[in-house]
Amino acid sequence: MKKKILINVAAICVAILILMFIQRLLMPKYMTEIPEGNLVEEYYDEVKKHDVIFIGDCEVFSNVSPITLWENYGITSYIRGSAQQLIWQSYYLLEETLAYEKPDVVVYNVLAMKYNEPQKEAYNRLTLDGMKLSKSKIGAIKASMMKDEVFITYLFPILRYHSRWSDLTQEDFKYVFKKDTLSHNGYLMRIDTKPVHIIPKGKKLPNYQFGENSYYYLEKMTKLCKDNDIELLLIKSPSVYPYWYEEWDEQMVNFAKENNLTYINFLEVVDEIGIDYSTDTFDGGLHLNLSGAEKFSLYLGKILSETFGVPDQRDNAEMKKIWDEKVDFYYAMKADQEREMAEYGYLKSYGAQAQQMEAE
Amino acid sequence: MLFTSYEFLAFLVVLFVIYYLIPKKFQWMLLLVASYLFYLVAGIGYIFYIIATTLSTYLASFKINQLQERQVNYIKENKETLSREERKEYKAAMKKKQKTWLILCLLFNFGILAVLKYTDFVIANMNALLDIFSVGTKLPFLRFALPLGISFYTFQTMGYIIDVYREKYTYEKNVFRLALFVSFFPQLIQGPISRFDDLKKTLFDEHSYDAKNISFGLQRILWGYFKKLVIADRLLIAVNTIVGNPEDYQGVFVLVGMFFYAIELYCDFTGGIDIVIGIAQVLGIHVEENFIRPYFSKSITEYWRRWHITLGTWFKDYMFYPISVSKSMLELSKKCRKWFGNEIGKRIPVYVASIVVWFTTGIWHGAAWNFIVWGLLNCLVILVSQECTPLYLKFHKRFHVADKLWYRIFQIGRTFWLMSFLRTLDCYRDVSTTFRMYGTIVTKHNYYELFQGGLMNLGLSVAEYILLLICVTLILIVSLLQRSGSVREKLAAKPMWVRYTVYFALFLAILLFGAYGVGYDSSQFIYSQF
Chain A
253 MKKKILINVA
263 AICVAILILM
273 FIQRLLMPKY
283 MTEIPEGNLV
293 EEYYDEVKKH
303 DVIFIGDCEV
313 FSNVSPITLW
323 ENYGITSYIR
333 GSAQQLIWQS
343 YYLLEETLAY
353 EKPDVVVYNV
363 LAMKYNEPQK
373 EAYNRLTLDG
383 MKLSKSKIGA
393 IKASMMKDEV
403 FITYLFPILR
413 YHSRWSDLTQ
423 EDFKYVFKKD
433 TLSHNGYLMR
443 IDTKPVHIIP
453 KGKKLPNYQF
463 GENSYYYLEK
473 MTKLCKDNDI
483 ELLLIKSPSV
493 YPYWYEEWDE
503 QMVNFAKENN
513 LTYINFLEVV
523 DEIGIDYSTD
533 TFDGGLHLNL
543 SGAEKFSLYL
553 GKILSETFGV
563 PDQRDNAEMK
573 KIWDEKVDFY
583 YAMKADQERE
593 MAEYGYLKSY
603 GAQAQQMEAE
Chain B
10 MLFTSYEFLA
20 FLVVLFVIYY
30 LIPKKFQWML
40 LLVASYLFYL
50 VAGIGYIFYI
60 IATTLSTYLA
70 SFKINQLQER
80 QVNYIKENKE
90 TLSREERKEY
100 KAAMKKKQKT
110 WLILCLLFNF
120 GILAVLKYTD
130 FVIANMNALL
140 DIFSVGTKLP
150 FLRFALPLGI
160 SFYTFQTMGY
170 IIDVYREKYT
180 YEKNVFRLAL
190 FVSFFPQLIQ
200 GPISRFDDLK
210 KTLFDEHSYD
220 AKNISFGLQR
230 ILWGYFKKLV
240 IADRLLIAVN
250 TIVGNPEDYQ
260 GVFVLVGMFF
270 YAIELYCDFT
280 GGIDIVIGIA
290 QVLGIHVEEN
300 FIRPYFSKSI
310 TEYWRRWHIT
320 LGTWFKDYMF
330 YPISVSKSML
340 ELSKKCRKWF
350 GNEIGKRIPV
360 YVASIVVWFT
370 TGIWHGAAWN
380 FIVWGLLNCL
390 VILVSQECTP
400 LYLKFHKRFH
410 VADKLWYRIF
420 QIGRTFWLMS
430 FLRTLDCYRD
440 VSTTFRMYGT
450 IVTKHNYYEL
460 FQGGLMNLGL
470 SVAEYILLLI
480 CVTLILIVSL
490 LQRSGSVREK
500 LAAKPMWVRY
510 TVYFALFLAI
520 LLFGAYGVGY
530 DSSQFIYSQF
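Sequence order for the protein chains is A and B. Residues 253 to 612 (this note's numbering) are what the first sequence spells out, left to right. Residues 10 to 539 (this note's numbering) are what the second sequence spells out, left to right.
It should be emphasised that the hints constitute simulated quantities derived from the structure, not laboratory data. Because the structure is a prediction, the values reported are computed rather than measured. Even for Gly, the Cβ is constructed at its ideal location relative to N, Cα and C. One thing to keep in mind: the hints can contain errors.
As the list claims (entries may be wrong) - Derived DSSO-like pairs: lysine-lysine, alpha-carbon spacing no greater than 30 Å straight-line:
1) 586/A x 554/A
2) 256/A x 33/B
3) 503/B x 255/A
4) 255/A x 355/B
Said to hold, decoys possible - Here are the in silico distance ranges between beta carbons for each label pair:
5) 299/A x 462/B: 34 to 40 Å
6) 530/A x 462/B: 43 to 49 Å
7) 577/A x 506/B: 45 to 51 Å
8) 475/B x 590/A: 40 to 46 Å
9) 453/B x 590/A: 58 to 64 Å
10) 471/B x 465/A: 41 to 47 Å
11) 271/A x 462/B: 32 to 38 Å
12) 440/B x 273/A: 50 to 56 Å
13) 271/A x 25/B: 18 to 24 Å
14) 475/B x 596/A: 35 to 41 Å
15) 25/B x 267/A: 15 to 21 Å
16) 457/B x 272/A: 43 to 49 Å
17) 272/A x 506/B: 17 to 23 Å
18) 155/B x 267/A: 37 to 43 Å
Based on the provided sequences and hints, a complete structural model is requested.
Encoded structure:
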């Protein structure tokens with residue numbers, strides 16, 4: 253009897269291990285395409301000691317370079333960004349981050365305020381699949397699910413990705429256990445250029461009022477930061493697309509005023525930052541390229557350092573050791589991308605698909 | 010709650026656990042609650058129909074039983090005083106009263122079914138007639154929502170009341186037990202259509218935890234999901250592409266559609282029944298088999314003895330026999346013998362009963378001319394086949410091929426394709442399109458398109474075709490093994506590691522290759538809306 257129980261337990265364990273392996277195999281790896289799918293989970297490998305945490309959508313993970321902040325101001329930062337990160341996802345990612353570390357400042361890019369409801373399952377996946385199982389993840393899933401989505405498929409992604417069995421590539425096998433790091437503390441580097449030809453005028457909207465749900469989570473985020481004695485800085489990153497309406501800006505100004513927060517719309521100071529949209533964006537104004545991100549980070553770093561008093565950690569030996577490695581990786585990737593541009597005339601690593609997805 | 014939904018699986022797990030934890034005497038009550046809960050999820054409004062059927066049947070069965078008891082008691086009490094004639098007269102009067110209750114019950118319940126299911130069909134036909142006579146007005150459609158499984162539970166319940174009337178068994182005194190018989194959730198959606206005396210043997214019993222029963226039941230459930238999710242719902246994509254675009258897919262593609270639909274329907278319907286029987290088995294309840302390897306049939310008559318068995322026997326017991334031996338039919342037969350001779354005269358009742366049964370079978374499957382024509386064509390083939398029996402006998406006497414393997418395979422293939430042709434009427438939007446597509450098989454010679462990538466345009470990839478080939482082969486092998494006894498019993502005799510590997514492989518196959526989730530529209534079981 254005892255033997256039979258042991259055999260059954262062993263059989264169940266083997267079955268679970270096989271299922272776990274298959275699940276890992278079937279999940280998209282995002283190594284050569286849609287690298288932003290990796291951003292959320294890369295954080296877990298990080299030494300979690302950051303003075304600044306960025307949260308938000310592509311306007312943070314494409315526009316802010318933590319390495320520039322480090323090199324110029326000694327600011328240790330991490331971007332917990334992801335593609336079309338909705339505000340409730342930002343809130344739960346922040347909640348999860350605060351369970352690991354306590355930064356001095358949290359910077360939130362407010363573009364996602366325009367989304368009051370979940371938008372697309374594919375984007376939900378890019379943010380939520382990478383999160384480790386926690387109360388925050390469950391909250392994020394519940395808040396993010398579209399009507400036809402099923403909760404359990406987030407807990408057991410094999411139920412979502414099972415049909416990839418016929419699309420498996422070498423990449424899926426290669427990265428089944430360990431994936432490469434693609435970002436620089438959450439920043440996705442792009443050195444290519446696609447200039448902005450026309451600065452857009454926004455189409456008239458029937459209603460400019462941000463939704464209740466967006467405000468609910470912004471208030472929660474504000475409270476979370478206050479409860480943890482963290483400064484919350486609201487920003488609108490200097491991307492010209494999607495169009496940022498004056499009416500939206502006004503609402504953010506008012507919210508910041510009412511809640512005693514700082515809100516900066518960097519679109520109003522692009523000349524001061526020195527951004528040139530003919531050279532500093534890789535997709536016609538949606539996202540900044542490396543040149544633009546470095547200019548913006550230089551400007552933002554000054555504010556963080558001088559106004560918010562974020563300390564310079566360059567004399568901290570432990571930090572210096574960690575960040576020296578990051579700087580090396582940063583420049584190696586930059587060199588690699590320059591090589592690719594010279595060799596192919598385009599970036600092979602970050603293909604057209606990633607751009608398209610973001611553009612959507 | 011679809012059988013293929015996560016909610017249903019969670020519902021089952023919770024039910025199984027509670028079922029074996031509570032005192033056994035409450036088990037059937039739990040099933041009743043679970044069945045009504047299952048039904049409520051489909052729509053709160055629907056519950057009134059099933060309650061109406063249950064209560065009306067209970068009332069009728071109670072009254073019929075009361076009359077039967079009164080008759081027995083009266084005759085017993087007046088045994089000495091009543092003459093044979095008086096007794097007969099009394100019995101006839103009582104039977105008439107019982108019949109009134111029976112007919113009221115049948116009219117009420119079949120009336121609900123008819124109104125909900127066929128009103129719009131009648132309106133559509135009336136509108137067509139008004140069009141012909143250029144009346145210029147159209148009757149509006151009423152678009153009644155069809156309660157879940159109404160065709161199944163109505164037939165099952167009406168079978169019960171007829172049996173009570175026929176004194177096959179006594180009525181169920183407990184209205185809640187009757188309610189469970191009517192609403193037992195696994196078979197509510199797509200059958201089988203159980204008989205009360207069969208199902209009650211285990212439905213209301215107290216069941217102890219039985220590892221073998223549970224293991225066998227779970228295996229059967231897995232096998233059902235395998236057929237449904239891995240094969241049927243995958244083939245559905247190709248079938249829908251073909252039948253949904255009749256202008257683009259003609260000739261050889263009509264044959265491909267027929268073949269795929271034959272496999273899809275088999276896996277869908279038998280898969281559903283496997284799940285039903287498996288769930289019941291886990292609960293310790295025995296539900297009748299509804300299929301015995303129908304695609305191994307050598308004739309269409311045999312096919313209908315093996316396919317949807319419980320519907321076939323229902324029609325046989327409650328419609329075919331009553332019609333063919335009815336007084337009016339016997340009189341008709343007598344007249345026909347006089348007019349057309351003995352041979353033809355004695356067949357007339359069978360012909361009439363067959364036509365009525367097949368017309369009803371057709372319309373039971375759906376309120377559309379497709380189904381009626383399908384039913385009548387089945388009838389035609391069966392009757393022609395019966396008429397040709399002497400010819401077959403002569404042929405077999407002359408050529409001695411009946412026992413030859415190749416001839417048996419030929420017969421199986423012939424029946425398979427014949428049934429596939431008829432079944433195509435289910436698929437296309439109307440009868441004329443179906444016949445036009447039949448025509449293109451002969452007129453459009455596009456067989457070469459199959460070898461020029463035509464199959465690749467049906468929504469399935471090469472990998473999926475290979476998968477389907479492997480899975481269908483597996484089903485064929487299992488079906489062959491079944492002929493010499495239960496496959497699960499055979500598997501149970503194997504070493505533990507073999508058994509566990511098979512169970513896990515089956516589970517994994519469903520998990521990985523099942524056509525569910527994003528990108529797939531895991532469809533309802535085809536029979537669930539009949």
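Assessment of proposed distance window 43 to 49 Å (beta carbons of residue 530/A, residue 462/B): holds, 47 Å
C-beta pair residue 271/A, residue 25/B: status relative to the range 18 to 24 Å that was hinted: holds, 21 Å
Residue 586/A paired with residue 554/A [C-alpha distance capped at 30 Å]: It holds: about 24 Å lies between the C-alpha atoms, which stays within 30 Å.
Range agreement (Cβ of residue 267/A with Cβ of residue 155/B, hint 37 to 43 Å): At roughly 41 Å between Cβ atoms, residue 267/A and residue 155/B fall inside 37 to 43 Å, so the hint holds.
Outcome of range test on Cβ distance (residue 299/A, residue 462/B; 34 to 40 Å): violated, 54 Å
Assessment of proposed distance window 58 to 64 Å (beta carbons of residue 453/B, residue 590/A): holds, 59 Å
Hint check for residue 272/A and residue 457/B - Cβ pair distance inside 43 to 49 Å: Holds: the Cβ-Cβ distance is about 48 Å, inside 43 to 49 Å.
30 Å Cα cutoff - pair residue 503/B, residue 255/A: Roughly 18 Å between the alpha carbons, so the hint for residue 503/B and residue 255/A holds.
Distance restraint evaluation - residue 440/B, residue 273/A, Cβ atoms, bounds 50 to 56 Å: holds, 52 Å
Outcome of range test on Cβ distance (residue 475/B, residue 596/A; 35 to 41 Å): holds, 36 Å
Verdict for residue 471/B, residue 465/A (Cβ pair) under range 41 to 47 Å: Between residue 471/B and residue 465/A, where Cβ atoms are some 45 Å apart, the hint holds.
Pair hint residue 255/A and residue 355/B, alpha-carbon separation not exceeding 30 Å: violated, 69 Å
When held up to the earlier numbered hints, the structure conflicts with 4 and 5 and fits the remainder.
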